[in-house]
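Q: I would like the entire structure built from these sequences, with the hints used as guidance.
Quick mapping for you: the protein sequence lines, in order, are chains A and B.
For the first sequence, position 89 (counting from the first letter as 1) is numbered 89 according to the numbering used here, and the numbering increases by one without interruption.
For the second sequence, position 94 (counting from the first letter as 1) is numbered 94 according to the numbering used here, and the numbering increases by one without interruption.
If you're looking for bench data, these hints aren't it; they were derived computationally from the structure.
Only a predicted model underlies this, so the values are computations on that prediction, with no experimental measurement involved.
Be aware that a few hints might be false.
[As the list claims (entries may be wrong)] Quick list of the computed label-pair ranges, beta carbon to beta carbon: (1) A/15 - B/7: 37 to 43 Å; (2) A/46 - B/50: 18 to 24 Å; (3) A/70 - B/79: 41 to 47 Å; (4) B/108 - A/109: 17 to 23 Å; (5) B/17 - A/58: 47 to 53 Å; (6) A/46 - B/7: 21 to 27 Å; (7) B/69 - A/98: 47 to 53 Å.
[Stated by the list, open to error] Calculated lysine-lysine pairs in the DSSO-like style (CA-CA distance at most 27 Å, straight line): (8) B/57 - A/42; (9) A/71 - B/11; (10) A/113 - A/42; (11) A/37 - B/53; (12) A/71 - A/58; (13) A/37 - B/11; (14) A/68 - A/22.
Where is the CB? At the ideal position from N, CA and C, for every residue including glycine.
The primary structure of each chain is shown beneath.
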Amino acid sequence: GENVEQHPSTLSVQEGDSAVIKCTYSDSASNYFPWYKQELGKRPQLIIDIRSNVGEKKDQRIAVTLNKTAKHFSLHITETQPEDSAVYFCAASPKWTGGFKTIFGAGTRLFVKA
Amino acid sequence: DAGITQSPRHKVTETGTPVTLRCHQTENHRYMYWYRQDPGHGLRLIHYSYGVKDTDKGEVSDGYSVSRSKTEDFLLTLESATSSQTSVYFCAISESRGTEQFFGPGTRLTVL
Chain A
1 GENVEQHPST LSVQEGDSAV IKCTYSDSAS NYFPWYKQEL GKRPQLIIDI
51 RSNVGEKKDQ RIAVTLNKTA KHFSLHITET QPEDSAVYFC AASPKWTGGF
101 KTIFGAGTRL FVKA
Chain B
1 DAGITQSPRH KVTETGTPVT LRCHQTENHR YMYWYRQDPG HGLRLIHYSY
51 GVKDTDKGEV SDGYSVSRSK TEDFLLTLES ATSSQTSVYF CAISESRGTE
101 QFFGPGTRLT VL
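A: Below, the structure written as structure tokens:
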């Protein structure tokens, strides 16, 4: 089955700097890769997603890149702000599950220091 | 937030007792999911539903059962709770397969 590994587990950056979180997946047939943000005590919420037919996607200060050959994808946050502090989860949805199953990484706790 | 509620929001129970958690949605989404969240493990899928009375197992289904008798309600039952089932449980819904999932507020369950 699919396995998603996420690094680093903790990331601390200075306000204004960039943050990069990386994930690898094992099932080459996975075709949907969402990223969720979870603030302390809150529910996870989608911040960006990418499909396997696209290499990069941007939305204001966040971007996701996908390398299908290497089976890894990354989240990039530029000009970080204190409100970006949260736990971020990457995920992959294997095609063989028909999109029913989303496998999540273990999460990255991002601290943005003011 | 999408119209998803979970009840109860907090529960403390004893080992061996049955527990039922409820997820209710007002979005009329076909797909519903139950996850558990534990430190170091992210979110792990317990069971999911692709329609009324249509359910299937996820990654960590042992010790859990589900039922969906109406589009809006998805119940998760722990037949005989164990301490290893102490966790935060999230319900999620999606309009289609392989698309954004909207999560409920979560239920914190403690099994003593």
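Q: Each hint needs a verdict: does it hold in this structure or not?
A: Consistency of the hints with the structure:
1. For residue 15 of chain A and residue 7 of chain B, the hinted distance range of 37 to 43 Å is satisfied, since their beta carbons lie about 39 Å from each other.
2. Separation of residue 46 of chain A from residue 50 of chain B is about 20 Å and conforms to the stated range, judged on CB atoms against 18 to 24 Å.
3. Here the CB-CB span from residue 70 of chain A to residue 79 of chain B is close to 43 Å, well matched to the stated 41 to 47 Å.
4. Between residue 108 of chain B and residue 109 of chain A the beta carbons are some 19 Å apart, a value that agrees with the proposed interval 17 to 23 Å.
5. Taking 47 to 53 Å as the suggested C-beta distance range, the pair residue 17 of chain B and residue 58 of chain A conforms, at roughly 50 Å.
6. A C-beta distance of roughly 24 Å is found between residue 46 of chain A and residue 7 of chain B, which places it inside the suggested range of 21 to 27 Å.
7. Separated by about 23 Å at the C-beta atoms, residue 69 of chain B and residue 98 of chain A break the suggested range of 47 to 53 Å.
8. The hinted pair formed by residue 57 of chain B and residue 42 of chain A meets the criterion: a straight-line CA distance of about 26 Å does not exceed 27 Å.
9. For the proposed pair residue 71 of chain A and residue 11 of chain B, the alpha carbon gap of about 40 Å is over 27 Å, so the pair is violated.
10. For the proposed pair residue 113 of chain A and residue 42 of chain A, the alpha carbon gap of about 21 Å is at most 27 Å, so the pair holds.
11. For the proposed pair residue 37 of chain A and residue 53 of chain B, the alpha carbon gap of about 31 Å is over 27 Å, so the pair is violated.
12. Distance restraint check for residue 71 of chain A and residue 58 of chain A: the Cα-Cα separation of roughly 19 Å lies within the 27 Å cut-off, and the hinted pair is therefore satisfied.
13. Distance restraint check for residue 37 of chain A and residue 11 of chain B: the Cα-Cα separation of roughly 25 Å lies within the 27 Å cut-off, and the hinted pair is therefore satisfied.
14. For the suggested pair residue 68 of chain A and residue 22 of chain A, the alpha carbons sit about 14 Å apart, so the restraint of at most 27 Å is met.
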